[in-house]
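Can you join these two chains into the complex? Each is in its own frame, and there are hints to help.
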Amino acid sequence: MHEQNSDQHNNDQLNSEETTPREVSGMTPPPLTQGIPLAELPASWFARINYLLIYRDRILESIRQDVGLGVISRTMIVIVAIMGLVYGLVMGGTNLFQGADVSLLDNLLMIVTVALKVPILFLLTLLIVLFPIFVSGTLLGSRISFAQTAAILLTSSAVTVTVLASMATVSFFFALTTQSYTFMKLLHVMFFGYAGVCGISFLSFAYRKVSLDRSLDSQSFVFGLWLILYAFVGTQLAWTLRPFIGAPSMEFSLFRPRSGSFYEELFKILTTMLD
Amino acid sequence: MLMWWRGLLYPNEGARLILSENKQSGFLSFLVILTCLGSIAYGLSMGLFTSWSAAFVTALKAPLPSLCLAMIMVLPLYVHNGVHNDKIYVNASLRFIFYVLSANAITLLSLSPIACFITLTTSAQGYPVLVGIHIGLIALAGLAAGVAGRALWYGLIDAQAQKKQRLFLFFLLLISGAVYIQLVWLFRPWVGSPGTSFTLFRAQDHSAVDAFIRLVQHLTSQ
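Chains A and B supply the protein sequences, listed in that same order.
Heads up: the first sequence begins at 22 in our numbering, then just goes up one per residue.
Heads up: the second sequence begins at 379 in our numbering, then just goes up one per residue.
Looking at chain B on its own, in the form it has when it is part of the complex (with noise of 0.2 Å):
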């Protein structure tokens, strides 16, 4: 367990233990149950605002974007690692998606006791902010998982390598960031907007990309 742990805080040892092809060492599972275990406890800080009963099916749909991101990139990742000579292969590649996603849960638990307070202290009127806080938190342990995955990706390539594929591994993780907020998109609400009832998942109207798209439409029209 210990050896897990450091193979998460530092990407040399993580490297190591992804590339080992010893089924039974259990570190996937220990990754996956990490992951699961983050963002549970995250969902839950964010479920609080509407009730406990809300809390509890949030935290147990919170892990769903992770699993979901991970059958989904699992296949490009192995090929784009195949085409570039990296020799990882597939059981790697699982285990690489399941370290950068585990990174992703860390700091979003670390993130939880904020989080939670946040949400407790907010009234309804301030919906729109608190959501706002989220999504600022949520991009923060993104964008600390992007760092995480980019150290491993070092650690693992030879340093040739690395140079040529930093425009490729830029734009996986630009399209693991795209597709992971599709899926939290999809399977909102997390907070829950005051005022209407609690639904497990909302109805698909529109898709993040198309709210991202009138975003931009919005500000540029400013």
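Okay, chain A solo, but in the shape it has when bound (with noise of 0.2 Å):
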């Protein structure tokens, strides 16, 4: 409840007080954009979902002008735990929706283990490379402060999240109606691969649009291969974090053995599809 309240009322200094921009440390408060306003979320957290998906523009902007970063933050963190958990359950119960066997408490641990996992994933992954992004866009001249920066990465991952909690129903319904793990195992990374490219394409946009340097164009070089570290960490924690779906002849295990890498199991299911 205190939380609760406390919520609200930060939620109320981003609406109310803090309508002017801040200055930050030593920095020059950035120029006005014309034309968009500030954020305003909305109290119940399905609309703050939707509003992120409808007023991107004005959380950029509140991010730009560093207004209820806190908010924000927070904001993304609670959106990207919530679709996470919606895709992880679909995600988990893969074994139970297509009827295969495995006992009815391995299938409910797996529910619940992945859809704790799945939030995790992409909550680890921007901690992982939060700092390097940080420092690199320093470097380029893009004179972004660190808590904006961590909500860029935060608003970016939400983004993520919710395309890949869109496609649940689609998951849902091939778990439903067919058999094949294997199957199964490459539409779930199919899903993460196009979520992880919505990600990535609007991570670049906002960047750009809070930075407003375009000498970060000039270096499209070195924003690409961001890009490539903030996916290949991805991957790689979700190797490392496996079993998401859990095959049906093994029994339930928090987490598999490390051996070989997410590459090597891509090619592997690709092979044995076509074999």
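Check before you lean on any hint, since a few could be wrong.
[Unchecked claim] Dumping the calculated DSBU-like pairs for lysine-lysine here, alpha-carbon to alpha-carbon at most 35 Å:
| id | chain 1 | residue 1 | chain 2 | residue 2 |
| --- | --- | --- | --- | --- |
| 1 | B | K439 | A | K230 |
| 2 | B | K439 | A | K206 |
| 3 | B | K542 | A | K206 |
| 4 | A | K206 | A | K289 |
| 5 | B | K542 | A | K289 |
Calculated directly from the structure, the hints in this document are not laboratory data.
Here it is in structure tokens:
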């Protein structure tokens, strides 16, 4: 309740008090972008998710002016948690929906752990890449503060997970109507890839929008390297946190022993399907 | 009614009707009805191979894949539009899906006299060929729907975003196609295998995906 009040208070601050740009550690406040108002986050969480999709320009404008970063970042963390949970429930329930020969207890354990693992995967990836992206961004001359970098990355993670969760209806449909474990693995990899590309495209757009720095365009090679780094950390972390579906022939385990890599496994899946 | 027809035939006018926030316009109902009618007509032409009663049942279940596809794909499409800043909301997303499905249904409707003629003039021995012809005609209608959807999409979003979104649009169309194929597979039989008694739905022993993988394996092992 207290947290709710505090959140409401912060939100009120975002909506009313802090409508003028704050001075950030000796830097000159950025100029106002004409025509884009600041974000006014609605009270309900569902409406906030919708707000992220419809008024992303306003959210980015608030980040750019360093207004209400705390509320925005907390909101994005909760969106990542909710939407990750939604996709995790469907992904972890694949064996159950396919009617695979797995005990009910193992199925339930898999659903619960994967529902927790998906948001953790996205938040951990962000935590790992946050500092390198901030440092190299500063070296590139973007003049974006650490808190702003964190807010941008959290917003792009929220977008990524929301795209992923939107594909849950398709995953659920295929889990209900197919029996192939290999196909489901490939389908989930494809959806993670699609969501990742959407998220990275948003990150690239958001970073340029917030920094308003054209020099980033000339450094697009370095920027591209960040995005590859982001994607690489994400896939490797996903590989480390596996299983996400659980092979029907294997007993439930929270994590699998470390072996091989994500790309090796992807190659194996493709060859198994055509074998 | 004439305005809705024009909306369906001319993507620019269709885009305006889709983006209209006037809920009383009735454009969505028009598209849903058209989708059902087109599917029913083609369903009838497939089911005639077995009997009139089978044709009637097939016609009734023919709109099901389209309606289920709309339910499954509306959320991914809405989120996709939001992420790419297209300002196409839930109602408009639904109208977009049914626009594409209507294009599919109208093409099926236009092909149904050919399908009907081939079905009625094929003997029991020609069943595999008949199935192949129906698959080809349905694929043709799917292709027409894809082209109509692409034209409409480009009418909905600004020119700058079009190039950037080409890949995403292709991915969504691909996923929609895969879901549609799986739905059609689930609701079989459509033609009805000769020598087997009539059933509303077949047992789900394997999926369209498995059948496709088997076909690829068969082709690669040649």
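To see whether the hints hold, each was checked on the structure:
no.: 1; hint: B/K439 x A/K230; result: 50 Å, violated
no.: 2; hint: B/K439 x A/K206; result: 31 Å, holds
no.: 3; hint: B/K542 x A/K206; result: 28 Å, holds
no.: 4; hint: A/K206 x A/K289; result: 11 Å, holds
no.: 5; hint: B/K542 x A/K289; result: 32 Å, holds
Comparing the model with each numbered hint stated earlier shows that hint 1 is the single one that does not hold.
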